[in-house]
Amino acid sequence: MTENEELTREIGLLADSAENHPETGADIKSLAVGLWANFNEFSVEEIEDALRDVWRARGLPFNDNAGT
Numbered sequence: 003m004t005e006n007e008e009l010t011r012e013i014g015l016l017a018d019s020a021e022n023h024p025e026t027g028a029d030i031k032s033l034a035v036g037l038w039a040n041f042n043e044f045s046v047e048e049i050e051d052a053l054r055d056v057w058r059a060r061g062l063p064f065n066d067n068a069g070t
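Note that our numbering gives residue 41 to position 39 of the sequence shown, counting from 1, and the numbers run on in steps of one.
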């Protein structure tokens with residue numbers, strides 16, 4: 003499995019968990035930094051973009067701290 007596939011899988015697992023608790027929302031920046039610790043081949047910004055795409059596609063609430 004490639005790094006990209008592994009990252010996609012991890013993001014999917016996080017999104018699955020968020021679907022079980024949609025009321026809590028997600029802090030995209032925190033999730034991205036946490037994932038970056040294991041997937042530092044990617045930039046935090048790349049991981050944030052991937053997270054936003056999945057969260058939007060699934061209609062999940064999130065806190066987007068981009069640019070802050």
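Incorrect hints may appear among the rest.
[Unchecked claim] Distance ranges between label pairs, derived from CB positions: (1) E5 x E25: 28 to 36 Å; (2) D66 x R11: 17 to 25 Å; (3) P24 x T4: 26 to 34 Å; (4) R54 x E7: 33 to 41 Å; (5) N6 x R58: 18 to 26 Å; (6) V35 x G14: 12 to 20 Å; (7) L15 x E47: 16 to 24 Å; (8) D66 x S19: 13 to 21 Å.
FYI, nobody ran anything at the bench for these hints, they're computed from the structure.
Remember, predicted model here, so these are calculated numbers, not experimental data.
No residue lacks a Cβ here, since even glycine has one placed at the ideal position from N, Cα and C.
Hint-by-hint comparison with the structure:
The given range of 28 to 36 Å is respected by E5 and E25, whose C-beta atoms sit roughly 32 Å from each other. The given range of 17 to 25 Å is respected by D66 and R11, whose C-beta atoms sit roughly 23 Å from each other. Roughly 30 Å separates the CB atoms of P24 and T4, a value that falls within the hinted 26 to 34 Å. One distance hint, 33 to 41 Å for the beta-carbon pair R54 and E7, is violated here, with the actual separation near 19 Å.
Distance hint check: the CB atoms of N6 and R58 are about 19 Å apart, consistent with the given range 18 to 26 Å. Between V35 and G14 the Cβ separation comes to about 18 Å, which falls inside the hinted range of 12 to 20 Å. Range check, L15 to E47: Cβ separation about 21 Å, and the 16 to 24 Å hint holds. At about 18 Å, the CB distance of D66 to S19 agrees with the hint of 13 to 21 Å.
In this structure, only the earlier hint numbered 4 is contradicted, and the remaining ones agree with it.
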